[in-house]
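*Asks:* Residue numbers (my numbering): 223 to 934.
Hints listed in this document are in silico derivations from the structure and should not be mistaken for laboratory results.
Keep in mind that a hint or two might mislead.
[Stated by the list, open to error] Cβ pair distances, simulated, as ranges:
(1) L331 - K664: 58 to 66 Å
(2) F281 - D862: 16 to 24 Å
(3) K606 - N263: 53 to 61 Å
(4) A654 - V253: 37 to 45 Å
(5) L331 - N557: 17 to 25 Å
(6) Y456 - D371: 32 to 40 Å
[Unchecked claim] Result set (DSS-like, lysine-lysine): computed pairs, CA atoms no more than 30 Å apart in a straight line:
(7) K416 - K265
(8) K285 - K655
(9) K904 - K794
(10) K412 - K376
(11) K655 - K575
(12) K672 - K620
(13) K265 - K794
(14) K672 - K643
(15) K760 - K647
(16) K666 - K643
(17) K375 - K250
(18) K620 - K610
(19) K575 - K606
(20) K610 - K575
(21) K672 - K647
(22) K265 - K399
(23) K810 - K285
Each residue gets a CB set at the ideal place from its N, CA and C atoms; glycine is no exception.
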Amino acid sequence: MIDQATIDRILDAAQIVDVVSDFVTLRKRGVNYVGLCPFHNEKTPSFSVSPSKGVCKCFSCGKGGNAVHFIMEHEQLSYYEALKWLAKKYNIEIKERELTKEEKQSQSLRESLFLVNQFAAEYFQDVLYNNIDGQSIGMTYFRQRGFRDDIIKKFQLGYCTEAKDALARTAIQKGYKQELLLKTGLCYMKDDGKTIRDRFWGRVIFPVHNITGKVVAFGGRVLSAATKNVQMKYVNSPESEIYHKSKELYGIYFAKQSIIRQDRCFLVEGYTDVISMHQSGIENVVASSGTALTSDQIRLIHRFTNNITVLYDGDGAGIKASIRGIDMLLEEGMNIKVCLLPDGEDPDSFARKHNATEYQAYINNNEVDFIRFKTNLLMEEAGKDPIKRAELISSIVKSISVIPDSIVRSVYIRECSQLLKMDEKVLVDATAKLIEQAVENKAKEEERKKQREEYNRRQEIAAQAENQTTAIGKNENTDNNINITQTEYTASPTEGDTPLPEYIPEETPQIIDTYSSYIPAQGNENKVFYKQEENLVKMIIRYGEKIVCCVQDEEGNEQPFTVTEYIAYNLKVDDIQFHNPIHRRILKEAEENVRKENFVSEKYFLSNPDPEISKVAADMSSDRYQLSNYHSKGQKIITDEERLYELVPRLLMDFKISILKEEMKHTLQALNDPAIASNPEKCAEIMTHFRDLTETQNMILRDAGDRTTSLY
Numbered sequence: 223m224i225d226q227a228t229i230d231r232i233l234d235a236a237q238i239v240d241v242v243s244d245f246v247t248l249r250k251r252g253v254n255y256v257g258l259c260p261f262h263n264e265k266t267p268s269f270s271v272s273p274s275k276g277v278c279k280c281f282s283c284g285k286g287g288n289a290v291h292f293i294m295e296h297e298q299l300s301y302y303e304a305l306k307w308l309a310k311k312y313n314i315e316i317k318e319r320e321l322t323k324e325e326k327q328s329q330s331l332r333e334s335l336f337l338v339n340q341f342a343a344e345y346f347q348d349v350l351y352n353n354i355d356g357q358s359i360g361m362t363y364f365r366q367r368g369f370r371d372d373i374i375k376k377f378q379l380g381y382c383t384e385a386k387d388a389l390a391r392t393a394i395q396k397g398y399k400q401e402l403l404l405k406t407g408l409c410y411m412k413d414d415g416k417t418i419r420d421r422f423w424g425r426v427i428f429p430v431h432n433i434t435g436k437v438v439a440f441g442g443r444v445l446s447a448a449t450k451n452v453q454m455k456y457v458n459s460p461e462s463e464i465y466h467k468s469k470e471l472y473g474i475y476f477a478k479q480s481i482i483r484q485d486r487c488f489l490v491e492g493y494t495d496v497i498s499m500h501q502s503g504i505e506n507v508v509a510s511s512g513t514a515l516t517s518d519q520i521r522l523i524h525r526f527t528n529n530i531t532v533l534y535d536g537d538g539a540g541i542k543a544s545i546r547g548i549d550m551l552l553e554e555g556m557n558i559k560v561c562l563l564p565d566g567e568d569p570d571s572f573a574r575k576h577n578a579t580e581y582q583a584y585i586n587n588n589e590v591d592f593i594r595f596k597t598n599l600l601m602e603e604a605g606k607d608p609i610k611r612a613e614l615i616s617s618i619v620k621s622i623s624v625i626p627d628s629i630v631r632s633v634y635i636r637e638c639s640q641l642l643k644m645d646e647k648v649l650v651d652a653t654a655k656l657i658e659q660a661v662e663n664k665a666k667e668e669e670r671k672k673q674r675e676e677y678n679r680r681q682e683i684a685a686q687a688e689n690q691t692t693a694i695g696k697n698e699n700t701d702n703n704i705n706i707t708q709t710e711y712t713a714s715p716t717e718g719d720t721p722l723p724e725y726i727p728e729e730t731p732q733i734i735d736t737y738s739s740y741i742p743a744q745g746n747e748n749k750v751f752y753k754q755e756e757n758l759v760k761m762i763i764r765y766g767e768k769i770v771c772c773v774q775d776e777e778g779n780e781q782p783f784t785v786t787e788y789i790a791y792n793l794k795v796d797d798i799q800f801h802n803p804i805h806r807r808i809l810k811e812a813e814e815n816v817r818k819e820n821f822v823s824e825k826y827f828l829s830n831p832d833p834e835i836s837k838v839a840a841d842m843s844s845d846r847y848q849l850s851n852y853h854s855k856g857q858k859i860i861t862d863e864e865r866l867y868e869l870v871p872r873l874l875m876d877f878k879i880s881i882l883k884e885e886m887k888h889t890l891q892a893l894n895d896p897a898i899a900s901n902p903e904k905c906a907e908i909m910t911h912f913r914d915l916t917e918t919q920n921m922i923l924r925d926a927g928d929r930t931t932s933l934y
């Protein structure tokens, strides 16, 4: 669908720092950039971005890759979809052939749901601007709220008529399936199971965008003058494949750049609060859409800033209920302030009466840190009641205990001791006790998690052993070297635990691999031989075209030998292969291309059209630490590239010895299988194979010195 030349243009244009910065706040550290990982919850940045290599990697959870892999993981897109996403970002034209009917049908459900939502958003906007009811009812409402036309367009606001199936009928006429209308929540089926109805009829529409700007859901506000017998003021899209309310923040797409620039985020409650503040000139604002904050929403904000200010309505309604969830913000290490607006005002109404300068000035003059705000609020409620006062102290101490920074905790304890007129040591002891209890609870949870993982691992091993026994018992293979099936691989684009993404480049031949081994196919990641195999593949990717030594040909002329050729030759001499099929494919491609002009192994594999291969290359190109060129005493550090002549042979020797040892162990285990033990012919064949392995191992150990210096 996309030729390699276009893929190369996309990868050349997609600067990794630029791409990642759309989603993560990055800070320069040495030659790299670091930030909080977007793929897991963390308080200390471990997500590293290398502009020189064009890759990113989290050294905590392990996720990362080049720009394409980052977008695939972050946006849950296929390889093909991620390339299109980047092409659009950098205005690179992609010429595609028309998809066949079968290919259209195979489009992912997520993409289909996004398309339906986009159609609905455009439909609602069209009704707002071009339908008489849209103009007289919907647009009138927005203008009464004081929204300017540019703001209405920016947030893609719309209107749905009072006809209860207008959207459904239009969508179906346009070719959108009823099933998708139901799955997005745009429509619902009546109790009769036959009649489909629009969910948002008679309402003004607020599309909800995810962090990349895609419409994932809608909110609809009822207009009492136009809609009768409807009790719910707001109706929101239900949960779907593309929408999880607890993970989305209204306005985050429009706010993220401003949050980064201002290094602060304002948190409000509703749609109109966000829109009015944007109109007044304050754009670094998001809404939790009336729900208590969740950990996913907090992490979404934390990607862009550590500082958050929560704006509460002037009447204070619901404050005491909502502050309970703010402890999660403290736990994330966020700096939280609270601003109470004047009586009778909410963020929407206050924004309509003040410009950005006035609004910001009010916030700066009236915001207080959350702990002080909570203390004052609860003290006022507790009064002189000793029971309520004790509860207040416990609540304050609990909030302080979740703060990860010990210095910040200490400052708050001292301040609270003064506000509460209590001995500071009492608060310190109470806080320490809660922290200790939290650590114990976490340790218990980790232990339970390990026990569950160990149980699952044993179950998996048992299942693999059972499957292997069945396969061995049924095998009729007559291969001269290994006469049972063992663990066989057919490395094709569908191999592995997880299927390849939908994109398969045209004219990419399937690589057939008949590698066989007694070593189980899965569960070897922690084995010694597997780690050593990864080290060799890392050498191929990083330095595959580099010269590791020179050898004499039959005529006595010296010929340079690359890292790729050296590894490939030495493995073939001893009839040994990499265990991982992806690693074998990488070696094969490196062999085929290493002598081509201008071949650079790392660049070739990072831009490889096979997403599995490029992902492995990106992982293996990432370094946790960037060493300087010199020690503090002025002594130059010898890099891996400068010592390839000794490093590659040693890694190769270690791998061959360890994989032979592992193969011999599993070969002996195969003899214990009842199906094999009862078959003398099979036993003899396996014993012959074991003797061959032993001889090869002895030969490698005996000739280790010679093998690293001379190939012929």
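*Asks:* With the threshold set at 30 Å, check whether the alpha-carbon distance from K666 to K643 stays at or below it.
*Replies:* Between K666 and K643 the Cα gap is close to 36 Å, so the pair fails against 30 Å, i.e. violated.
*Asks:* Can the restraint linking K265 and K794 be considered satisfied, given a maximum Cα separation of 30 Å?
*Replies:* 48 Å, violated
*Asks:* Does K794 lie within 30 Å of K904 when you go C-alpha to C-alpha?
*Replies:* With Cα atoms ~26 Å apart, K904 and K794 stay inside 30 Å; holds.
*Asks:* Need the status of pair K265, K399: alpha-carbon distance at most 30 Å?
*Replies:* 44 Å, violated
*Asks:* With a cut-off of 30 Å on the C-alpha distance, tell me whether K375 and K250 pass.
*Replies:* Violated, because 36 Å separates the two Cα atoms, which is more than 30 Å.
*Asks:* Is K672 close enough to K643, meaning Cα to Cα at most 30 Å?
*Replies:* 45 Å, violated
*Asks:* Between A654 and V253, does the C-beta distance stay in 37 to 45 Å?
*Replies:* Given a distance of about 41 Å, which is inside 37 to 45 Å, the answer is holds.
*Asks:* Starting from the range 58 to 66 Å, see whether the pair L331 and K664 falls in it by beta-carbon distance.
*Replies:* The hint (58 to 66 Å, Cβ to Cβ) is violated, given that L331 and K664 are roughly 37 Å apart.
*Asks:* Do the alpha carbons of K655 and K575 lie within 30 Å of each other, as the hint requires?
*Replies:* 48 Å, violated
*Asks:* Is the gap between the beta carbons of F281 and D862 within 16 to 24 Å?
*Replies:* Since F281 and D862 have Cβ atoms about 19 Å apart, the given range 16 to 24 Å holds.
*Asks:* For Y456 and D371, compare the CB-CB distance with the range 32 to 40 Å and indicate the outcome.
*Replies:* Because 23 Å falls outside the window, the suggested range is violated.
*Asks:* Need the status of pair K810, K285: alpha-carbon distance at most 30 Å?
*Replies:* 26 Å, holds
When held up to the earlier numbered hints, the structure conflicts with 1, 3, 5, 6, 7, 8, 10, 11, 13, 14, 15, 16, 17, 19, 20, 21 and 22 and fits the remainder.
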